[in-house]
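Just so you know, the protein sequences line up as chains A, B, C and D, in that order. Taking the working numbering as reference, the numbering of the first sequence is continuous, increasing by one, and the terminal residue is 203. Taking the working numbering as reference, the numbering of the second sequence is continuous, increasing by one, and the terminal residue is 203. Taking the working numbering as reference, the numbering of the third sequence is continuous, increasing by one, and the terminal residue is 203. Taking the working numbering as reference, the numbering of the fourth sequence is continuous, increasing by one, and the terminal residue is 203.
Worth flagging that the hints you see were computed from the coordinates, not collected in a lab. Any given hint could turn out to be false.
Identical chains share a label here; the pair holds if one copy fits it or two copies do between them.
Claimed, not checked - Taking lysine-lysine pairs in the DSS-like style, the calculated list, with each CA pair at most 30 Å apart, reads:
hint, residue 1, residue 2
1, 162, 99
2, 162, 173
3, 99, 173
4 protein chains.
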Amino acid sequence: MPLPLPADPGFRQRVHDSFARQGVMHTLGATLEVADAGRVVIVMPHKAELAQQHGFVHAGIVATALDSACGYAAFSLMPADAAVLTIEFKVNLLAPARGPWFRFEGLVVKAGRTISVAEGKAWQHEAGGAESLCATMTATIMTVQGRGITH
Amino acid sequence: MPLPLPADPGFRQRVHDSFARQGVMHTLGATLEVADAGRVVIVMPHKAELAQQHGFVHAGIVATALDSACGYAAFSLMPADAAVLTIEFKVNLLAPARGPWFRFEGLVVKAGRTISVAEGKAWQHEAGGAESLCATMTATIMTVQGRGITH
Amino acid sequence: MPLPLPADPGFRQRVHDSFARQGVMHTLGATLEVADAGRVVIVMPHKAELAQQHGFVHAGIVATALDSACGYAAFSLMPADAAVLTIEFKVNLLAPARGPWFRFEGLVVKAGRTISVAEGKAWQHEAGGAESLCATMTATIMTVQGRGITH
Amino acid sequence: MPLPLPADPGFRQRVHDSFARQGVMHTLGATLEVADAGRVVIVMPHKAELAQQHGFVHAGIVATALDSACGYAAFSLMPADAAVLTIEFKVNLLAPARGPWFRFEGLVVKAGRTISVAEGKAWQHEAGGAESLCATMTATIMTVQGRGITH
């Protein structure tokens, strides 16, 4: 099932602009690495201020980065006058989020007129460079139009 | 299906101690309000550093607080030598997280020897005092013993 | 958050008619017991033809009945010209589905114009009459209008 | 993250035997097509007895076949004396399940000692032979040992 072409040729700028407005991404130290049509990659370091009681990054913070990756992957295929809204997501935590670096990838599985579905994967990069999967997400995302918000 | 009594009479202190070690709760400005047997309440204000592009608290941050509420609700019923591990969670976002105050409640639905299930509800308190539900969570939580971690 | 009144005063008949058209409910031996505004109850016996390898009712069959309960709970609040569509659901299996009788309850948590969320609970009735929770569901449901289908 | 080798060299027979004991698979008309290490494929035709009110296969029946595919994919990697138990699953419905043929694939993402995670995909084959994705699942599965059940 191939994805549709982006409805808006200026989609990359639109994704970058919206990402820059997410105050929480600054708090996480997260940066937008890739903004392709239907695919977004975010990277982030481990930080003690984001940790749970064992020193790993909190599952909810992993979910925060994955949700932004999934949401912007869906947003990239939406019309220029649309806003993006996450309806729900589900996360499986596969391994403790040790870091020291994380890569979050969101990929659109279905791009619907109203409802899109994206899948996210969180990878951690250990010191030596090895990469391993530490979490997965499925997110259901809504295209919102006509409410006067466009990001 | 009544919940079992807490396996450890010192459960309140154990929950408070573990919560205090979660660096991310300080970043969120979240405080532990209730630590009962099988039920935990966390409160948190809206903060711009936690917002998404429309100024609402990011869905992943709502999930972070809900996951801690659910995880500690399950932890309160575990043996004193157990650690708590979230396996997966699912969140439905029902309304934009405007705040200015949030209350997150985690309630154990099933307390198993290995696997527990908790349900979370996020409420927002508007200026006038009205309270409304803005998100729900279901979390699957594991009791981990014999790995040398106890929180 | 109180639910809205049903948009269609004939909602009970509409739910009953649609339920009767679900061939799979006959296969399950399921019957519609309650069709209130925002709340639906379905009952079903244990049947060997619905069992998994240990003789318990298969988790997917439990999900089938829960999804119908949740979907019709949401459908009861929709306009008369709307069709109901499940976008996604999540099920936690809390205990083996032994039966011999099951009760599935779907309850609307949020009734939106486009998206509704319902929570389902599956209870089993043991021989002596005791009732225990064996599964929970959260379902996201869409109101579909203008596509020429109304059930 | 490569999967471990199957713990039991007789895993194929074990999966086939357990599948044959699932009465519900006969009711669905489902057959086991592939039983590899960490990957299982099930096929099934559309049947009116499995339909919802619009004539499509009910979402819960799609979930039933996906859950068996995911569960057996995990089971294939377990020790010979283990039983398999689904803890929870989440399904996204991407398109109406028209058929006339369906293929359900379960693939293990993480094979843990106690907890495994598998992802399922449901494809439908239209008359001309074209194949399209109609649903996805994420399932959390438990390895149960020492309770006297081995399938």
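Evaluation of the provided hints:
Only between protomers do residue 162 and residue 99 lie at most 30 Å apart by alpha-carbon distance; the minimum there is 26 Å, versus 33 Å within a single protomer. Taking the closest pair of Cα atoms, residue 162 and residue 173 come within 30 Å of each other both inside a single copy (16 Å) and across two copies (13 Å). With identical chains, the CA atoms of residue 99 and residue 173 are at most 30 Å apart both within one copy (20 Å) and between copies (27 Å).
The structure shown violates none of the earlier numbered hints.
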